[in-house]
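Colleague: Sequence:
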Amino acid sequence: MYSAVKYDLARKYAAAFMRIFSQHVKADVASISCAIQFCKKERRAISAFSVFVLQKRDQDRFVGQFIEHVGLPSYFFSLVQLLLNSGRLYLLIDVLQVIGVMVREKSNLQEIFIYSATPLSSENLSKIEK
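Count along the sequence shown from 1, add 120, and you get the number used in our numbering.
By construction, these hints were calculated from the structure, which means they are not laboratory data.
Note that the coordinates shown come from a computational prediction; the quantities given were computed from them, not determined experimentally.
Glycine included, every Cβ here is placed at the ideal spot set by N, Cα and C.
Warning: the hint list may mix true and false statements.
[Claimed, not checked] Computed Cβ-Cβ distance ranges for the label pairs, DEER-style:
1. S241 / D128: 23 to 29 Å
2. H144 / S241: 30 to 36 Å
3. L202 / S123: 38 to 44 Å
4. S206 / L240: 40 to 46 Å
5. K247 / S206: 43 to 49 Å
6. A237 / D178: 30 to 36 Å
Sequences are here, hints too, so could you generate the full structure?
Modeller: What follows is the structure in structure tokens.
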């Protein structure tokens, strides 16, 4: 039950975000995917930060540095700030995932992951990118 409620809440945040920024997000699908991977790896640090009470100035600085570090465009600042201020930073990964799905569906894009035991040659990479 909890995961369904959490997903529904994440979907609402993502939909609100997309209503405002949909024209910008299409170009940043790769950034969103990288941010999701980073957040999954650093889940504990993100959770720990949401517990600390910081002054507004410090909080803004943290959010700005976080956005820059994970490679998200600056317009994601307000989303992270909103989740942090509402005590729902734990939804960040889910919201980013929903945004990614919404953008890919709207743009008719597919995301693929390629795992290789050896490094791919530039020839193979160019074939994949087509």
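Colleague: All the hints need checking, so say for each whether the structure fits it.
Modeller: Results of checking the hints against the structure:
no., hint, verdict
1, S241 / D128: 23 to 29 Å, "violated (44 Å)"
2, H144 / S241: 30 to 36 Å, "holds (34 Å)"
3, L202 / S123: 38 to 44 Å, "violated (21 Å)"
4, S206 / L240: 40 to 46 Å, "holds (42 Å)"
5, K247 / S206: 43 to 49 Å, "holds (45 Å)"
6, A237 / D178: 30 to 36 Å, "violated (44 Å)"
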